[in-house]
Amino acid sequence: MLEITNLSHVYGGGSPNAHHAIEGLNLSVAAGELLCIVGPSGCGKSTLLRSIAGLITPTGGQIKVEGDLVRQTPDNLAVVFQDYSRSLFPWMSVADNVALPLRRKNMDKKARREAAHEALESVGLAGAERKYPFQLSGGMQQRVAIARALAYRPSLMLMDEPFGSVDAQTREDLEDLVLKVRGHHRMTIVLITHDIDESVYVGDRVVVLSKAPAHVVGDLKVDLPGPRDQITTREHPDFVHLRAEVGRLVRGHAAAA
Amino acid sequence: MKATAEVATRAAIARRDSVARRKGVRTAAFRWLVLVVLILVWETVTRVLGSAFFPPPSMIVVRMYTMWFSGPPSTLFLTDPAIEHILPSLGRMAAGFAGGALAGVVLGLAVGLSARAYDYLDGVLQFLRAIPPPALITVFLVVFGFGLKAQLAFIMFSIVWPVLLNTADGARSVEPLHLQTCQVFRLTRAERLRRVILPSTLPKMFAGLRLAVSLSLIVMVFSELLPGTTDGIGFQLTFAKSQSDLTAMWAGIVLLGVLGYLLNELFLVVERRVLGWHHAAQQLTE
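In order, the protein sequences belong to chains A and B.
The first sequence begins at 1 in full-length UniProt numbering and counts up one residue at a time.
The second sequence begins at 1 in full-length UniProt numbering and counts up one residue at a time.
Hints listed in this document are in silico derivations from the structure and should not be mistaken for laboratory results.
Warning: the hint list may mix true and false statements.
[Claimed, not checked] Coverage of chain B stretches by chain A, computed from C-beta distances (three or more under 8 Å per stretch; other residues unrestricted): (1) 165–178; (2) 187–197.
[Stated by the list, open to error] Beta-carbon label-pair distances, calculated as ranges: (3) B:ARG16 - A:MET107: 37 to 45 Å; (4) A:ASP75 - B:VAL269: 41 to 49 Å; (5) B:ALA28 - A:ASP229: 51 to 59 Å; (6) A:GLN135 - B:ARG21: 18 to 26 Å; (7) A:ASP75 - B:ARG15: 44 to 52 Å; (8) A:ASN17 - B:ARG22: 55 to 63 Å; (9) A:ALA111 - B:GLN283: 31 to 39 Å.
[Claimed, not checked] Pairs of lysine-lysine residues, derived as DSS-like cross-links and limited to a Cα-Cα distance of at most 30 Å, are as follows: (10) A:LYS109 - A:LYS131; (11) A:LYS131 - B:LYS204; (12) A:LYS180 - A:LYS64; (13) A:LYS180 - A:LYS131; (14) A:LYS211 - A:LYS64; (15) A:LYS131 - B:LYS23.
Glycine included, each C-beta is placed from N, C-alpha and C at the ideal position.
Please take these sequences and the hints and turn them into a complete structure.
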């Protein structure tokens, strides 16, 4: 599904204060997997995501999505950004926000509206179609952004610290939402986070990045009994063990550098 | 738990709104009071002084009524002089505004969307904007001769700059994450322009248009003060002055003030409709 080989990216290459964000990063993600990427803050996680999304051209290495080299944004890829308030369009109703990307999908107006409705329903926002983003709470706005990505029916969904700007309770709700929609839609999800617990709770697999320049320092399979639950999963011995291991990997490399 | 929190927030918002509304009513009452007091002071001072150059406002209003608004119902109570002078002025202003605003929006988008065009042209545009339009009136008269064409060209030239520069500024400052979202969902250029860039530009564009509205009234009157003009509010002003009819002159001045006020209010109504999302979102972040 996603193949990253020997990826590197340098900001301001050539100048004395060039910043090596990524160096020699290799990663492959299987179709249908939910991969969480964790790493210390400022380690180049977002650079990695932007490279996969085709928003920036990495200075070295290559990224393939479904076998095709990424030059611009791949066809069936959607992104949920951290900053929902600036990624949703404030002049459009919630339904129009969700339906906008469907314009290039050869769907007529009615089909687009139905798809938007369905996506909003699946994130628990049925009935909010005619509201505007500013009328919704932060968590609800991020649900709209998720609905927009879902309606688009991507085969790969990238989430860039999607729950970084919401409160703890909403954060747990949204984590469960991702697990739920993931069961309904068959797609690959790559979720970037700096929250170690979240990566273990949500992911099938957790990849730990080093401090910048980022490369993979840990790759763990998460084998927790499902369905996951905010209380019981988090007290499961395997969960406790895994989060400790991920934490050690994140911290160890943050301290060593 | 969450539901009660939501109810509480709603109640807080409702409370805040009602407080704001009461405050608004009081402000409006005070505003009228100030206006009434000022007019009374004006009336008293002019009556005490008794100068022919400064007729009291009551006389000016009566004159405005007899001169312009005492016509038959068939012409919406407009008199012949009103039809002959006020309507051409408004027509000039509307045509000049429409032409200048359209040119400003189109050129502003073109300049704002190309970083290179903006870098190259910014200085030139600031220079052109800085020229006081009346200084160029002779140029327009030489090119177009006396009459309507020169007047319209003059009004358009005067108002195009605030619209152009504000629109360009707006088109340049589109939220980067909005553009990245467009890129991720692979919107076409046309969709991106129409559904994302244009709406993002609207708040600044409207700031420019609002300047243009007040400016168009000013330059419209100025263009009617020129020789070769035979109608318009500006023409009536010069004519009244040449006849030493000071009350008629003051009537023209007051009419222009009222027109300026009404046009601004009208503009605000339109802006509130078009930019409702913007104001609401801004209030929330304050």
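(request) With 18 to 26 Å as the target window, see if GLN135 (chain A) and ARG21 (chain B) comply at their CB atoms. (result) holds (19 Å)
(message) Can you confirm whether chain A covers the region 187–197 of chain B, using C-beta to C-beta distances below 8 Å and requiring at least three such residues?
(response) With 5 residues in contact (Cβ-Cβ under 8 Å with chain A), the coverage given for the region 187–197 of chain B holds.
(request) With 55 to 63 Å as the target window, see if ASN17 (chain A) and ARG22 (chain B) comply at their CB atoms. (result) Taking Cβ atoms as reference, ASN17 (chain A) and ARG22 (chain B) lie about 57 Å apart, which means the hint holds.
(message) How does the region 165–178 of chain B fare against chain A when you require at least three residues with a CB closer than 8 Å, holds or violated?
(response) holds (count 3)
(message) Does LYS131 (chain A) sit within 30 Å of LYS180 (chain A), going by the straight-line distance between their CA atoms?
(response) Distance ~24 Å between LYS180 (chain A) and LYS131 (chain A) Cα, so the pair holds.
(request) Below or equal to 30 Å on CA atoms is what counts here, so check LYS109 (chain A) against LYS131 (chain A). (result) holds (19 Å)
(message) Between the beta carbons of ALA111 (chain A) and GLN283 (chain B), is the distance compatible with 31 to 39 Å?
(response) For ALA111 (chain A) and GLN283 (chain B) the Cβ distance comes to about 36 Å; the hint holds.
(message) For LYS180 (chain A) and LYS64 (chain A), compute the direct alpha-carbon distance and say whether it is at most 30 Å.
(response) Answer holds: LYS180 (chain A) to LYS64 (chain A) is near 27 Å, not above 30 Å.
(request) Indicate whether the distance between the beta carbons of ALA28 (chain B) and ASP229 (chain A) respects the range 51 to 59 Å. (result) holds (57 Å)
(request) Would you check the hint for LYS211 (chain A) and LYS64 (chain A), treating anything up to 30 Å between C-alpha atoms as holding? (result) Holds, because 24 Å separates the two Cα atoms, which is no more than 30 Å.
(message) Given the hinted pair LYS131 (chain A) and LYS204 (chain B), is their Cα-Cα distance within 30 Å?
(response) Holds, at about 24 Å.
(message) Can you tell me whether the CB distance of ARG16 (chain B) to MET107 (chain A) sits inside 37 to 45 Å?
(response) holds (41 Å)
Checked against the numbered hints given earlier, this structure breaks none of them.
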